[in-house]
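A.B. asks: Sequence:
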Amino acid sequence: MQPQPPKQISEYANACLEALVASGLGRTVSLGGAFGLMHYFEYRPTYDVDAWWHESVTTEEQQQVMQVLVTALERYGRVQVRTWGDVTSIELQTNIKKVFSFQIARRSVQLEPAQPTVWPGVLLDSFSDLVASKWWHW
Numbered sequence: 011m012q013p014q015p016p017k018q019i020s021e022y023a024n025a026c027l028e029a030l031v032a033s034g035l036g037r038t039v040s041l042g043g044a045f046g047l048m049h050y051f052e053y054r055p056t057y058d059v060d061a062w063w064h065e066s067v068t069t070e071e072q073q074q075v076m077q078v079l080v081t082a083l084e085r086y087g088r089v090q091v092r093t094w095g096d097v098t099s100i101e102l103q104t105n106i107k108k109v110f111s112f113q114i115a116r117r118s119v120q121l122e123p124a125q126p127t128v129w130p131g132v133l134l135d136s137f138s139d140l141v142a143s144k145w146w147h148w
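For the sequence shown, our numbering gives the first residue as 11, with consecutive numbering after it.
Everything labelled a hint here was simulated from the structure, so no lab data went into it. For every residue, glycine included, the Cβ atom is placed at its ideal position computed from N, Cα and C. Don't take each hint at face value.
[Claimed, not checked] Listed next, with one range per pair, are the computed distances between beta-carbon atoms:
| id | residue 1 | residue 2 | range |
| --- | --- | --- | --- |
| 1 | P126 | Q103 | 31 to 41 Å |
| 2 | D96 | K17 | 28 to 38 Å |
| 3 | H64 | V91 | 18 to 28 Å |
| 4 | R54 | V128 | 16 to 26 Å |
| 5 | R88 | E122 | 30 to 40 Å |
Could you build all of it, start to finish, from the sequences and the hints given here?
C.D. replies: Quick look at the structure:
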């Protein structure tokens, strides 16, 4: 199954992905979750982005990625960074309501290599990995 760019991408998601490309840090993450699945099958709308850290990413690169994402979102409203367990969430709030999040987690298992996306350098989880991660949460 060949991935295709999603037809509906939120302005916030696109701003974040373009910022990662421009910074040269796109290689540090792989897109997953519902946003990743949208590249294969747009079964429901989503405005958030879920991603995995690349296995070779350094702590310094993680900090750089978070700063790039915060900077990309600050022009839209208030940005908050939250961390719990292995997950970091960069969240955008407008009018005291969360309207977008870019969540990145540390991956424990990967079934197949990630693939390129329309954002140069940013990778996309394989269909097998995306389905397996959804199945695991049920």
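A.B. asks: Now look at each hint and say whether the structure bears it out.
C.D. replies: Hints versus structure:
Judged by the Cβ atoms, the range 31 to 41 Å given for P126 and Q103 holds: they are separated by roughly 32 Å. At about 31 Å, the beta-carbon gap between D96 and K17 stays in the expected band of 28 to 38 Å. Here the CB-CB span from H64 to V91 is close to 19 Å, well matched to the stated 18 to 28 Å. Distance hint check for R54 and V128: the Cβ-Cβ separation is about 20 Å, which falls inside the suggested range of 16 to 26 Å.
Checking the proposed 30 to 40 Å range against R88 and E122 shows it holds: the Cβ atoms sit about 38 Å from each other.
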